[in-house]
Amino acid sequence: MERFSEPLLSLILNINKKCTSSISGTNCLDSEVCQGACCYSSQEISFAGAKALIEANLAQKSDFIRSDTLAFRIRLSPETKRCIFFDPNLNGCKIFHSNLRPAQCCVFPIQFDKTKHQCRMQKEFFIETADKMELKETTDRYIDLAREEALFLESEDKISQKFNISFISELRDIPPKHLFGVKEIFDEFHPLVKSKISFSLMDFCNIHGCDTIYEQCSGVCDQVINLLISDFVPALRQFIKNKGPKEEYFFQSLLDL
Numbered sequence: 001m002e003r004f005s006e007p008l009l010s011l012i013l014n015i016n017k018k019c020t021s022s023i024s025g026t027n028c029l030d031s032e033v034c035q036g037a038c039c040y041s042s043q044e045i046s047f048a049g050a051k052a053l054i055e056a057n058l059a060q061k062s063d064f065i066r067s068d069t070l071a072f073r074i075r076l077s078p079e080t081k082r083c084i085f086f087d088p089n090l091n092g093c094k095i096f097h098s099n100l101r102p103a104q105c106c107v108f109p110i111q112f113d114k115t116k117h118q119c120r121m122q123k124e125f126f127i128e129t130a131d132k133m134e135l136k137e138t139t140d141r142y143i144d145l146a147r148e149e150a151l152f153l154e155s156e157d158k159i160s161q162k163f164n165i166s167f168i169s170e171l172r173d174i175p176p177k178h179l180f181g182v183k184e185i186f187d188e189f190h191p192l193v194k195s196k197i198s199f200s201l202m203d204f205c206n207i208h209g210c211d212t213i214y215e216q217c218s219g220v221c222d223q224v225i226n227l228l229i230s231d232f233v234p235a236l237r238q239f240i241k242n243k244g245p246k247e248e249y250f251f252q253s254l255l256d257l
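Counting in UniProt numbering, the sequence shown runs from 1 upward without gaps.
Derived from the structure by calculation, the hints contain no laboratory data.
One thing to keep in mind: the hints can contain errors.
[Said to hold, decoys possible] No farther apart than 16 Å at their CA atoms in a straight line, the calculated lysine to aspartate or glutamate pairs in the EDC-like style are these: (1) LYS162 x ASP187; (2) LYS158 x GLU188; (3) LYS162 x GLU247; (4) LYS246 x ASP68; (5) LYS158 x GLU148; (6) LYS194 x GLU170.
[To be verified] Just the calculated beta-carbon pair ranges, DEER-fashion: (7) SER62 x SER155: 18 to 26 Å; (8) LEU9 x GLN252: 37 to 45 Å; (9) ASP222 x GLU137: 45 to 53 Å; (10) LYS196 x GLU2: 36 to 44 Å; (11) ALA56 x SER77: 18 to 26 Å; (12) SER41 x LYS243: 21 to 29 Å; (13) ASP231 x ASP68: 18 to 26 Å; (14) GLU137 x SER77: 28 to 36 Å.
Glycine residues also receive a C-beta, built at the ideal position from the N, C-alpha and C atoms.
Please construct the entire structure, taking both the sequences and the accompanying hints into account.
See below:
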């Protein structure tokens, strides 16, 4: 990921600085003007951009959802239906001055209507800068590189890395009858566990030839874990290629491909 992180972060900082210093018409943190309309959309963000926000203690891993365009989308609050970065006390974006806002947020297509004293949508983003074309080209470079980064995240090597030691340790303590799949939180997989019974792993247990009755097994053994991962990684990659990334992946859906 290093080959994407540095150039993407540099582009994000560049776009933020250009836009924050040159947007004409209104202060997005002025509660008498801003209605927070743009905060109702779930914006796309690169892995590098999301990671930078997490490392700056401005976000958590769970604030981001996998997307089929860039690496992630920013989660909306279930209570307010607004972006998790919307601050009601500010009536605006709490990371506005962080220089780490997603590029799309910086160039969001709004224009200040002086007659009505409010922002309104328009097709072209309203930026007054010495070289508007340069800003557009910088934003296009960011989008192209962020899309390339997202595709890299879907490679078998990157998927395999998400089956880390912590994930495998969790599996060992989960009865296979309650294991339905995996859920993805940022750059990690976690077991998807439900109280009802699943028979998704029974075939793997039969291949292994375990003497323990499936419904009475207390945890997934290493032999079954290895069999599962060897089948799951290529199946998951094919699933993502066909249907796009999801927050949860069910073993049965993947192994039926």
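Here is what the structure says about each hint:
no., hint, in the structure
1, LYS162 x ASP187, "7 Å, holds"
2, LYS158 x GLU188, "10 Å, holds"
3, LYS162 x GLU247, "14 Å, holds"
4, LYS246 x ASP68, "9 Å, holds"
5, LYS158 x GLU148, "14 Å, holds"
6, LYS194 x GLU170, "14 Å, holds"
7, SER62 x SER155: 18 to 26 Å, "24 Å, holds"
8, LEU9 x GLN252: 37 to 45 Å, "39 Å, holds"
9, ASP222 x GLU137: 45 to 53 Å, "52 Å, holds"
10, LYS196 x GLU2: 36 to 44 Å, "42 Å, holds"
11, ALA56 x SER77: 18 to 26 Å, "20 Å, holds"
12, SER41 x LYS243: 21 to 29 Å, "23 Å, holds"
13, ASP231 x ASP68: 18 to 26 Å, "23 Å, holds"
14, GLU137 x SER77: 28 to 36 Å, "34 Å, holds"
Comparing the model with each earlier hint shows no violations; every hint is respected.
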